[in-house]
Each structure stands twice: as structure tokens, then as C-alpha cells.
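Given chain A, put chain B in place with the hints provided.
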Amino acid sequence: MKKFIVIFLLAPLLFSCSTKVFDTSEELWSYLKDKDNGYLQEKNINGYNFSLLYKPTDLLVIQELEEHPTPEKIKALKVKYKKQLYFTLSMSRNEKELLSTTPKNRQEFGAMVNQLSFGMRNKVHLFTQSKDTIELLDYNYPRMYGMSQATTMLFVYPRDKKYLKEATLNFSIEDLGTYTGEVKFKIAADKINNEPSLKL
Amino acid sequence: MKKFSLPLALIAFVLSIIAFFNTQNSSELVYVDVNKLLDGYKRTKVVRAAFETKAKTLTANVDSLLAGWQTDLKIYEKERSKYSKKELALKQELLGNKQQQINNYQQAIQKQVQEEDKKATQTVINDINDFVKEYGKKNGYKIIFGAGGSGNIMYADQTSDLTEIVLEGLNAEFEGK
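Same order as they appear, the protein sequences are chains A and B. Take the first sequence: its position 141, counted from the start at 1, is 141 in this note's numbering, and no numbers get skipped. Take the second sequence: its position 23, counted from the start at 1, is 23 in this note's numbering, and no numbers get skipped.
Just chain A, with the same shape it has in the complex:
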């Protein structure tokens, strides 16, 4: 009888902590894009759309895999990417890139290109609940010359277990001339600790 009660009470806890495993990257993508799962967050402030997506390790691994990968190659790539946290930040207005909608003149356009290409290190911050800042390792901003529906960037941070013990991480973006003030996203650390994976 006692066993029955223990199982009844512990079963939901066990299931809630388990990580999801997907067969294909398409399935993983659709899971990530469902906002209820906590990996994608979106905000609209003064007409600007901001979205932040946490990219699990396996998504980066599969990008680099060849057609018939060996288990050693998969393992090596997992080790390589597991050391970092990857976030994709998208910003847009009326489904257009920031550079197509925000600058009002040539001078502002130049300043924004410079800001997006080289100055985001000072504008985007990842910090813990207790205000410890996690240093940005690198970021990548591919210029799309108006061909994309949003300005999208990849931010890379070290995966430090010390910081992932806290309940949440905060990802903040200072105002980039959009008059949206500082925009902040809260990422639950357990979502990162129990990130979904792929059957590789």
C-alpha cells in the first residue's frame, strides 16, 4: 500500500524532470517554437518585436554533421558544443529588419550598422538572479541587406554550472535607438539543465 502511494506521488515529479528526446531536428524545432515549452519567448514593445530562443546543444551538433556520421564524430561535436549556451535574438518592426525601419538618416544608419556589427557586447547582457554577469564569449550578426524579416543574432556564453544552479537567468538588451527601453527575458535554468535532445 505504501509503495503504491509513494509511486503515485513521485511519478509526476519523475516525469516532469525527464528530458525530451526527438527523432528529427524538425520535431525538435517545432517543440522549441512552442512558447509554452519555455525555450522561445516573445515581446512586443512600442511596435518592435523581440524574440529570444535558447538553442539546445544537439541543434548545433546536427548542423555540422555529415550524412553518415561516426559515433566518435557525434561525441566530439557534443563535447565541443556542450561547453557553451547559445541564444538567438531576433528584433524586428513591421516584419522588417531594424536597419530597414529604425534609422532616420544616413548617419543613424551608419551608427546602427556599427552598433550591430561590433558594439552588441556592450548592449546585451546575461546575468543571474543574484546579478552575476556571465561574460559573452562571442556573437554573430549576419547582414541580410533587407532580405530577412528580422535582425537576428547568435549569442554565445560559457555553460557554467555555478550559474545554472540559480532559478533563472536574465537576458537583457539595452535600447538600440528603438525607444523600447531595456528589454529583459527571463530564462528558467531548469529548461537549460533539462534541454531537449536528438536521437543522434
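In case anyone wonders, no lab produced these hints; they're calculated from the structure. Being a predicted model, the structure only gives us computed values, none of them experimental. From the three backbone atoms N, C-alpha and C, an ideal C-beta is built for every residue, glycine too. Be aware that one or more of the hints could be misleading.
Here are the simulated lysine to aspartate or glutamate pairs, EDC-like style, with alpha carbons at most 16 Å apart [as the list claims (entries may be wrong)]:
(1) K133/B - E173/B
(2) K177/B - E174/A
(3) K43/A - D130/B
(4) K199/A - D23/A
(5) K118/B - E174/A
(6) K133/B - E42/A
(7) K177/B - E166/A
(8) K131/A - E175/B
(9) K43/A - E182/A
(10) K138/B - D36/A
(11) K20/A - D36/A
(12) K131/A - E173/B
(13) K55/A - E27/A
(14) K119/B - E174/A
(15) K186/A - E173/B
Some chain A residues near chain B, calculated using beta-carbon distances under 10 Å [stated by the list, open to error]:
(16) K80
(17) D132
(18) G177
(19) T180
What follows is chain B alone, placed relative to chain A:
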């Protein structure tokens, strides 16, 4: 069967208590006083202080330019009797141009100060919006009204006011507690 009845009754009792509190929270009509939140939020003071320092630096440049122009004007008035007609016209044109440039600069600075103010205010509003949203979700409220003194909430019982609780949580989060 008797063995199961007690634990099952206990589980049912716990579930009914949880359900009772959940439905009670979600059906409550509550509000926060947005002005009080803006005033009481500690980040507002920090952001405002940073903005005022920035604004002071910007306006100080205008003041020193204006002081320089006024000195030039005084020199011109003092020495105008020494100048020929042609020199007078040239000096007047130079002073006029300088004044125009200072006016343009002053306008640009005023615009920049307004923009900085807008950014600072929006930052604080974003924080409050995020926190109230999260608080509402966490505590199962279906709706949280924002009273701002403009007549959108004419009367509300004191028990419906969440301002103090929200403010406490907001400040605790800002201080990293």
C-alpha cells in the same frame, strides 16, 4: 478496500484545498496603482539619476557655447565704433551665424534629452509590466487592472490592492534577492 480509503480521502482533501485556493485567486478582481509602482520602484531612482547626469552634461555644452557667444557679442558692442561699415556687416553676419548654429545645437540637444528620458522611462515600465505579468501568472489571477489616477478604476476595496505586494517583489528582484 478499507486500506485504500484513508490515503485516497487524504489525497482528495489536499486536491480540494488546492482547487479551492486556485479558483478563489483566479476569480478575484485585483489592481495595482501604476503611479505608486513607478514612484516606489528602486530602479526608477537609479535610472532617473543616470538620466539627470547625462542631461546635465549635454546641457552644460550648450551653456558654455552660449557663454562664448555672449562674450563675442559684448566685445562687438564695445568695439563697434572702431569698425568700418564693411567690417560691421561682416561681424554682424558672423555673430548671427554663430547664434543660429547654437540654436540648432540647442534644439538637437533638447531632442536628445527627451529621447533619453523616453528610453529611461520605458525601461522602468518594461520591468513593471514583466513583473506584474509574471506575478499574475504565478498566482493564478485572470486579470490585474492598472490604476493610474485617470479614472479607470473609480472604486476598489483595499483588499483588492496588490500594489504593496507587487512593489516588494519588484524591488527584491531588482536588488537580486
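Consistency of the hints with the structure:
Distance check on the hinted pair: K133/B and E173/B sit about 14 Å apart at the alpha-carbon level, within 16 Å; holds. Using a Cα cut-off of 16 Å, the hinted pair K177/B and E174/A is violated, with the two alpha carbons roughly 22 Å apart. For the hint pairing K43/A with D130/B, the CA-to-CA distance comes to about 10 Å; that is within 16 Å, so the pair holds. Using a Cα cut-off of 16 Å, the hinted pair K199/A and D23/A holds, with the two alpha carbons roughly 5 Å apart.
Distance restraint check for K118/B and E174/A: the Cα-Cα separation of roughly 13 Å lies within the 16 Å cut-off, and the hinted pair is therefore satisfied. With a C-alpha separation of about 13 Å, the suggested pairing of K133/B with E42/A holds against the 16 Å cut-off. Between K177/B and E166/A the alpha-carbon distance is near 12 Å, which keeps this suggested pair within the 16 Å criterion. Between K131/A and E175/B the alpha-carbon distance is near 8 Å, which keeps this suggested pair within the 16 Å criterion.
Note on K43/A and E182/A: the hinted pairing holds, with a Cα-Cα distance of about 12 Å set against a maximum of 16 Å. For the hint pairing K138/B with D36/A, the CA-to-CA distance comes to about 14 Å; that is within 16 Å, so the pair holds. Annotation: proposed proximity of K20/A to D36/A holds, straight-line Cα distance about 14 Å (limit 16 Å). Pair hint K131/A plus E173/B holds up; C-alpha atoms about 10 Å apart against a cutoff of 16 Å.
Simply put, K55/A and E27/A have alpha-carbon atoms about 14 Å apart, close enough for the 16 Å limit, and the pair holds. Restraint check for K119/B and E174/A: satisfied, since their Cα atoms lie roughly 9 Å apart, inside the 16 Å limit. Proposed proximity of K186/A and E173/B is supported: the alpha carbons are some 12 Å apart, at most 16 Å. Interface hint at K80/A: violated, since its Cβ lies 33 Å from the closest Cβ of chain B, which is beyond the 10 Å cut-off.
Taken as an interface hint, D132/A checks out: its beta carbon lies about 9 Å from the nearest beta carbon of chain B, inside 10 Å. For G177/A, the interface hint holds, the least distance from its beta-carbon to any beta-carbon of chain B being 9 Å, beneath 10 Å. The beta carbon of T180/A is positioned within 10 Å of a beta carbon in chain B (closest approach about 6 Å), and the interface hint is therefore held.
The structure shown violates the earlier hints numbered 2, 16.
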